[in-house]
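Turn these sequences into a full structure, and let the hints guide you.
Taken in order, these protein sequences are the chains called A and B.
Start counting the first sequence at 1; every next residue gets the next number (the working numbering).
Start counting the second sequence at 1001; every next residue gets the next number (the working numbering).
Errors might be hidden in some of the hints.
Derived DSS-like pairs: lysine-lysine, alpha-carbon spacing no greater than 30 Å straight-line [what the hints assert, rightly or not]:
no., chain 1, residue 1, chain 2, residue 2
1, B, Lys1110, B, Lys1155
2, B, Lys1323, B, Lys1398
3, B, Lys1038, B, Lys1016
4, A, Lys100, A, Lys23
5, A, Lys253, B, Lys1038
6, A, Lys467, B, Lys1110
7, B, Lys1034, A, Lys517
8, B, Lys1398, A, Lys467
9, B, Lys1070, A, Lys495
10, A, Lys495, B, Lys1053
11, B, Lys1016, A, Lys492
12, B, Lys1038, A, Lys517
13, B, Lys1323, A, Lys304
14, B, Lys1206, B, Lys1248
15, A, Lys256, B, Lys1250
16, B, Lys1155, B, Lys1206
Residues from chain A shown here face chain B by an in silico Cβ test under 10 Å; the list is partial [stated by the list, open to error]:
no., residue
17, Leu261
18, Leu262
19, Asn265
20, Arg426
21, Ala470
22, Pro472
23, Leu486
Keep in mind the hints are simulated off the structure, nothing from the lab.
By construction, the Cβ of each residue, glycine as well, lies at the ideal position given by its N, Cα and C atoms.
Read off the chains here:
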Amino acid sequence: MAESGEWVMNAAGRMVPTVIDGKRYRPFGGAFTSKPDGRKHAPRLRTHTREESKLCASLEDAIRKSGLSDGMTISFHHHFRNGDKVLNMVLDACEGLGLKDLRIFPSAMFPVHEPVVEHIKKGTVNRIEGSMNGPIGAYVSTGEKLAEPAVLRSHGGRARAIEDGDVKIDLAFIGAPCCDDYGNANGLYGPSACGPLGFSVHDSRFADCVVMITDNLVSYPCTPMTIEQGNVDYIVKVDSIGDPEGIVSGTMKITKSPARLLIANHIVEFIRQSGRFENGFSFQAGAGGISLAVTKFLGDLMRKTGVKASWAMGGVTKFLVDLLEEGLVGKLLDGQAFDLEAIRSLRENVNDVEISPGHYANIHSKGCAVNKLDFAFLGATEIDLDFNVNVNTHSDGILLHGIGGHQDVAAGSGITFIAAPLMRGRLPIIVDRVTTVSAPGETVDVIVTERGIAINPRRKDLIERFKDSALPIRAIEELYEEAIRLAGAVPKKPKLGDDVVALIEFRDGSLLDVVRKVLPTG
Amino acid sequence: MSVEILNRACAGSEEKDDCIVAVGPNEAKAIWIKYLGKTAWMFDEHVSAICEKLLKKLGVKCAKVEINGKDALDYVILARLECAIHRATNDEGRMRIAAVRTVDAPTRFKTEKNHLRRSRLYIPGNSPRMMNSAGVYGADCLLLDLEDAVSPAEKDAARFLVKHALAFLDFGFSELFVRINPFSVCGREDVTQVLQAAPHGLTIPKVEDDDDLKDACKTMGEAESFRGLEDHSTKIMSIIETAKGVLKAKDIAKAAPKRHVVMAFGAEDYTRDIGAERSREGDELLFPRCTIVVAAKAAGIQVSDTVFADVEDCDALLAETRKIKSLGFDGKGAINPRQIGLMHEVFNPSPEEIDYALRVMDAIGEAKAKGSGVIALGSKMIDAPVAARAGRIIAIAKRTGLEIKRIEEEPKASGKKADAGGE
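Structure (structure tokens):
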């Protein structure tokens, strides 16, 4: 990378370039050091008359009308998860229209998006800003270089990048389960119902052009209006935008793994003893196996003690809905729905409230919801002795996941737990140095494994509070040594090339880490 | 003296955390090792080195070894390798292997007759997945099972796996028992292999009279001296699970007094033996339960109840555990780690018991300070068993994080709780 400028060590101890492809980057300087100025980005002024129609004959027709041209940026939401048909459909249409060198800006990608790899090879797409998942991550890590490194951001970081104008969206494609002919839309009804539609709210407000793609055109006005007509340019009706099987699971099941259940038990017991478990507390739940178990066990504890939570944030699942409907949790701030019960709840419960990632986690705002959380439980592929967490790459260096809300929740929450078994197979989860820093150690408080709990030494309050606890509190170094003993040896590190294939942005837009190309191990 | 690899043989499975090790003759007259799997490259040199070391110990000079399965830990790979070699050689080779010590016994806490045994968790002897984390659930006692949990074709594999697991894994506070097969099957081989790794004890299944335990004692004694272990260091847990065994419980309990520390009841086999149906109320089990409790207590050893089979039904587990505690049992068998906490909840000392234990301890302290040999609490004499019990209750309370405090007495209501924890 000749044009990468000088490399400096950032506050997370990682070497990062200051210039990449002509764009200046601020090295990460600490989790709470960002001092933004200037004004928000704004979309163009438009007008619309009574005689005009927003409905387009086809997706191609909408793309032509939008004025999309080579090299532009197109965005997508990921509410349909592995059931999404929109991203592939749009790229196929773009290819058919002969468009080249597009930059895609999805809020996340899934294995269903594997055809993106073909579109990169054919030249339709040449840059990605968004999560790396499965086949696309593997391609970006090992295959041909993209025109610019991929950029990975947290949910809050993506909203910030849009509002700050770091990423200017030329054309936002919004898959809408329920939409009227003027562009009002929500995710609550229709064959591709997905619950909230919050991940497309910023795209709709800040993109120069917005195209709604729906398989369920309803009569005007469509309510609730998660997406509002005043932001929408065109509407396309297609046969199907999502596969319900891939969008949500029918029922989510709690893990049966005794080790994972033990980890969940440890977290709930830690919460009970933390001094913050009192009426009005709040927590962030997720859909991972351990997270579901924590939610359930926390409900048991609330029932037993009579302590109630004022609110919880999700990743909403049946487990969280049950707590809401039982009155154990006052309100849900709802960013994503993971099962059918969650969708039902958002339709029926006034206290289940849809929010956008900006509301949830944008650090460049006058307050985001993560700052109001007492507890959050998150996962990791690796954790290091400085409590840095990796969720993006595996120990083999290959890009695997997006950041999700991880960085945001870790920074905001009163106590952030990272829950993970000490070993994945024979690979230690606790390592001397993570392959990639996804969340800096200063934002992570407690590591919970089945073989012990490590408290970040920065949290002197917690260390003091738990010094006589019967919970298995241990130094992270001890857990590391035990992991290495079980592994038999320190695993060899992957061979990495000089090419930077992806950037890990911190939620404030600074550069937290870079991901390098993985060379064959032979 | 070398062990010849005569045919191709495999050991292991494709289950999670396991591996398949295949060995075969090598025409090149050398050791050739290949470690396969997606992330095998991260550990290939290490794995080759530990395999070569084991082959050298066993006296194998030429062999082709292929290891498939990236998630298996060292001990699993070595156990599967040892088993595959065992299967790939002849009787002469097997005799030589049996004489070799392939693992070192790790240092463990020394167990005692009165070790706390509220729960004993069964771990299938041929399952690395269950074995890996067996030590983290806080079970008082782990029972690594070579008997009912292992199919006849895999008896050898399980024996090697349990041996290597005992040497490699850290089982925390849990006391370690290995349930061997009856001597009529392959119990003797189990004893000689497993004692290399010095578990705290062996569990002898289907004991029907005192001779069964005397036989076991003899074999254990021989193995202890052959492996250089302290005489009688390996304890015995017997399991009574037939009508005959119940009738002989009195004699069995008294047999092998230097080893026998706990007698357990196995209800599944027992009901089958007497031709009864298991009921939810468990009336059919009342007689054997009481018989075994009395036999054990008369011999001064502990007694542990049968396993609870329905993992989902926590309420029934709690009810049954309360019931058997009231019959005099010291603990119960668990088949899933989730059951352990519930069992401990029942067997843990109550606040009243802790209060009483603290008062006993205070009385002992007072008597010591006065230089008095007679310890009294109110009008009651404190004898050695009461003192020991008080100490044990405080120790359990500490270990399980219970609140250790005196109960504030209401004015003029004193005296009512004095007997709460007494014996």
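30 Å Cα cutoff - pair lysine 1323/B, lysine 1398/B:
holds, 25 Å
Is lysine 1038/B close enough to lysine 517/A, meaning Cα to Cα at most 30 Å?
holds, 18 Å
Straight-line Cα separation of lysine 1110/B and lysine 1155/B no greater than 30 Å?
Answer holds: lysine 1110/B to lysine 1155/B is near 28 Å, not above 30 Å.
For lysine 495/A and lysine 1053/B, compute the direct alpha-carbon distance and say whether it is at most 30 Å.
holds, 29 Å
Using the nearest Cβ pair, does arginine 426/A come within less than 10 Å of chain B?
holds, 5 Å
Between the alpha carbons of lysine 1034/B and lysine 517/A, is the straight-line distance 30 Å or under?
holds, 27 Å
Does the alpha-carbon distance linking lysine 1206/B and lysine 1248/B stay inside the 30 Å limit?
Answer holds: lysine 1206/B to lysine 1248/B is near 12 Å, not above 30 Å.
Supplied contact hint for asparagine 265/A, tested at 10 Å Cβ to chain B
holds, 8 Å
Tell me if the interface restraint on proline 472/A is satisfied: Cβ within less than 10 Å of some Cβ in chain B.
holds, 8 Å
Holds or violated: lysine 1323/B with lysine 304/A, Cα cutoff 30 Å?
holds, 24 Å
Given pair status - lysine 1250/B, lysine 256/A, alpha carbons within 30 Å
violated, 41 Å
If you take the shortest Cβ to Cβ gap from leucine 486/A to chain B, is it below 10 Å?
Holds - the Cβ of leucine 486/A comes within 10 Å of chain B, reaching about 6 Å at its closest.
Comparing the model with each earlier hint shows a violation of hint 15 alone; every other hint is respected.
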